[in-house]
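Line by line, the protein sequences are chains A and B.
For the first sequence, full-length UniProt numbering begins at 1 and goes up steadily by one.
For the second sequence, full-length UniProt numbering begins at 1 and goes up steadily by one.
Keep in mind that the hints were calculated from the coordinates and are not lab data.
Hints may contain errors.
The list makes no distinction among identical chains, and a pair is therefore deemed to hold if it is satisfied within one copy or across any two copies.
Listed below are the simulated SDA-like cross-link pairs for lysine to any residue, each with C-alpha atoms no more than 20 Å apart in a straight line [unchecked claim]: (1) Lys-14 to Met-1; (2) Lys-92 to Ser-3; (3) Lys-21 to Gln-87; (4) Lys-56 to Glu-89; (5) Lys-46 to Ala-81; (6) Lys-92 to Arg-27; (7) Lys-14 to Pro-2; (8) Lys-56 to Arg-27.
Now for the letters of each chain:
There are 2 protein chains.
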Amino acid sequence: MPSELENCMEGLIKVFHRYAKNGSLTRQNLRQLMEAELSSFLKCQKDPAAVDKIMKDLDANGDGLVNFEEFVSLVVGLSVACEQCYQLEMKKTGKK
Amino acid sequence: MPSELENCMEGLIKVFHRYAKNGSLTRQNLRQLMEAELSSFLKCQKDPAAVDKIMKDLDANGDGLVNFEEFVSLVVGLSVACEQCYQLEMKKTGKK
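Isolated chain A, as found in the complex (with noise of 0.2 Å):
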């Protein structure tokens, strides 16, 4: 049985290819991949052209499309993000 971790990763792989085309996001896949996977996230950003400018952060090599490394550097930066508000909560709570 996998662990959690591996769970995660798996994870990772199977949202990305819900949405992708051939092995990559076009502009349009990455809309639809945050629009139903990170909306609290969209919900927050009060750029209207947030996910054009993140696709443009994202692609790296600049073809226009994201590919699977490129977008688990997006995954990697909110759960950084997220992982720094989770240890201020825990001293702020005083837990471990």
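Go by the hints and put chain B onto chain A.
Using the frame of chain A, we list chain B on its own:
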């Protein structure tokens, strides 16, 4: 209700903090985490010093501890490798 991607990000944070002490993993914590969460991967490593080498690779700032950001780079590396296998497999079987 959190999305699948949000659950994955939460899972990464939870797994890390299950083994971390004061927000970082010592070498021993990393070993415990990998033995519990990445046992199939560890079994494939023929080098008995694999965890020590991974620790050295991950510890980008050289403080002898692995913080969340450093830990995530391991998850990214493994996920990207898994995803490449997944793409190859999909091509072989002729699925999307």
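Now the hints, each set against the structure:
no.	hint	result
1	Lys-14 to Met-1	both (17 Å within a copy, 19 Å between copies)
2	Lys-92 to Ser-3	neither (30 Å within a copy, 27 Å between copies)
3	Lys-21 to Gln-87	between (37 Å within a copy, 12 Å between copies)
4	Lys-56 to Glu-89	neither (32 Å within a copy, 29 Å between copies)
5	Lys-46 to Ala-81	within (18 Å within a copy, 35 Å between copies)
6	Lys-92 to Arg-27	neither (39 Å within a copy, 27 Å between copies)
7	Lys-14 to Pro-2	both (15 Å within a copy, 16 Å between copies)
8	Lys-56 to Arg-27	within (9 Å within a copy, 37 Å between copies)
Hints 2, 4 and 6, counting from the list given before, are not met by this structure.
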